[in-house]
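Participant: Given next are the chains, with one letter for each unit.
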Amino acid sequence: MSRPKTAASITDSSSTGDRWKLADDPALIQACLEDNQGAWAELISRYGRLVYSIPRRYGLDAPSSEDVFQEVFSILLAQLGGIRNRRAIPKWLITTTQRVCRQAIKRARSSGEELPDAADTVDPPLERILRWERQHVVRQALRRLSGQCEELLTALYLNQAQASYTQVGEQLRMSVGSIGPTRARCLKKLLEIIQAMDADDVL
Amino acid sequence: MSEQSITVEQLILYVVGELAPSETAATERHLAGSPQAAAYVSKVRTVLQTIRTDNTEAPSVAVIKRTISAFSGGGESRGSLAWLEPLRRRVAQLMFDSRAQPALAGFRGGSSSYQLAYDSDLGRVELRVSPAQRPAQDAWRVRGQVTAGQRERGDLGSVALLAPGTSDALVVAKLDQHGRFKFDTQCGRYDLAVQFGAEALIAPNLEIG
Chain F
1 MSRPKTAASI TDSSSTGDRW KLADDPALIQ ACLEDNQGAW AELISRYGRL
51 VYSIPRRYGL DAPSSEDVFQ EVFSILLAQL GGIRNRRAIP KWLITTTQRV
101 CRQAIKRARS SGEELPDAAD TVDPPLERIL RWERQHVVRQ ALRRLSGQCE
151 ELLTALYLNQ AQASYTQVGE QLRMSVGSIG PTRARCLKKL LEIIQAMDAD
201 DVL
Chain V
1 MSEQSITVEQ LILYVVGELA PSETAATERH LAGSPQAAAY VSKVRTVLQT
51 IRTDNTEAPS VAVIKRTISA FSGGGESRGS LAWLEPLRRR VAQLMFDSRA
101 QPALAGFRGG SSSYQLAYDS DLGRVELRVS PAQRPAQDAW RVRGQVTAGQ
151 RERGDLGSVA LLAPGTSDAL VVAKLDQHGR FKFDTQCGRY DLAVQFGAEA
201 LIAPNLEIG
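Sequence lines, in order, name chains F and V.
Residue numbering for the first sequence follows my numbering, beginning at 1 and increasing consecutively.
Residue numbering for the second sequence follows my numbering, beginning at 1 and increasing consecutively.
For the record, the hints were derived by calculation from the structure and aren't laboratory data.
One or more of the hints may lead you astray.
Stated by the list, open to error - Listed below are the simulated EDC-like cross-link pairs for lysine to aspartate or glutamate, each with C-alpha atoms no more than 16 angstroms apart in a straight line:
| no. | chain 1 | residue 1 | chain 2 | residue 2 |
| --- | --- | --- | --- | --- |
| 1 | V | K43 | F | E192 |
| 2 | V | K65 | F | D67 |
| 3 | V | K174 | V | D184 |
| 4 | F | K106 | F | D120 |
| 5 | F | K21 | F | E150 |
| 6 | V | K43 | F | D198 |
| 7 | V | K43 | F | E66 |
| 8 | V | K174 | F | D67 |
| 9 | V | K65 | F | E66 |
| 10 | F | K188 | F | E170 |
| 11 | F | K106 | V | D176 |
Chain F with its partners taken away, still in its complex shape (with noise of 0.2 angstroms):
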């Protein structure tokens, strides 16, 4: 069986979906639609971290986090075709991996197999799916940033522990003057991106 070739999917000899890293969810889903790879592989990285995130924050350990991640894809795969509204991937995401999170655990529950105490079928509020939404977009927003202005705003903010300004100078090997003024031109870029994003609503 023979399948027509796309402009994208002989264009594009990336496995890695880099190529893909500033489309917009719209255009990558289309490109997925026309068998893609490398759309499919962006998609994958843009989403992987919301995605098993939830499982583990309904208290489901890793390898049946991975069991979620893999069905919601799965899911998604699947139903690519048919999501109308292709801006709105990131709360398509939220609501279906939390039905598969709660289906999981109901499903673990009735065959008697062992779970995490935290696990929980309870869905969190909405405040906390907002602060999820708001997490991945500023985290896609970093990821856009890239190159030192990344690299800076990760190492002073996004390590659990503070660094100083010696410490992120020396890891980064900038005179720790002009780490203040990079910083502030770096917060500047990143809340451009969000904005071009059209996503500075869920800040």
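Following the hints, put chain V in place on chain F, whose structure we already have.
Facilitator: Positioned in the frame of chain F, the structure of chain V alone reads:
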């Protein structure tokens, strides 16, 4: 620092506490009279707070690779299905094709939609094939329901559309709790595989479109 000359960078430096006291006071006066600047400061604070409190976890590289390789497209094939390979296959028989039932006027829902049913001792697969509501040439939507024979519904696994006579999955779909599934594909001839525990029902020569 005059209030007129306050820049976005200065607002950020204000948020991170790196302005001199006189600059801080000037910025606060500016913020009191500028809802736009105040909203920007609020966004910067939210972004910083979000980064600082981000406790999300990344999936392992292995599961990412598995997910990409198991389900990613590749033009001709999505690759051989790991779950299908070891299963004992039972070929199902086509028991019903609404296109061959002209006497049953009104059974077919639309001019180009049709229904099929395959039976085997593992169970039954009923399919409804209709043009997909998406802007792609030759796109068809397949909706189906699997009914298990004497088995527990828990034995039901995934459904895959295969290149004929192979284990090369072109589409993989999960069954919901009622054994229903749906996927979009293009016109052509395929095999459909449904996992029943350690066995697989194969509906051969499924014609789409």
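Participant: Hints first: check each against the structure and report whether it holds.
Facilitator: These are the hints, each one checked on the structure:
1. K43/V x E192/F: holds (11 angstroms)
2. K65/V x D67/F: holds (13 angstroms)
3. K174/V x D184/V: Distance ~13 angstroms between K174/V and D184/V Cα, so the pair holds.
4. K106/F x D120/F: holds (9 angstroms)
5. K21/F x E150/F: holds (15 angstroms)
6. K43/V x D198/F: Measuring from Cα to Cα gives roughly 14 angstroms; hence the hint holds.
7. K43/V x E66/F: violated (33 angstroms)
8. K174/V x D67/F: Judged against 16 angstroms, a Cα distance of about 13 angstroms means the pair holds.
9. K65/V x E66/F: holds (12 angstroms)
10. K188/F x E170/F: violated (24 angstroms)
11. K106/F x D176/V: Status holds; Cα separation ~14 angstroms.
Violation of the numbered hints given earlier is confined to hints 7 and 10; the remaining hints are satisfied by the structure.
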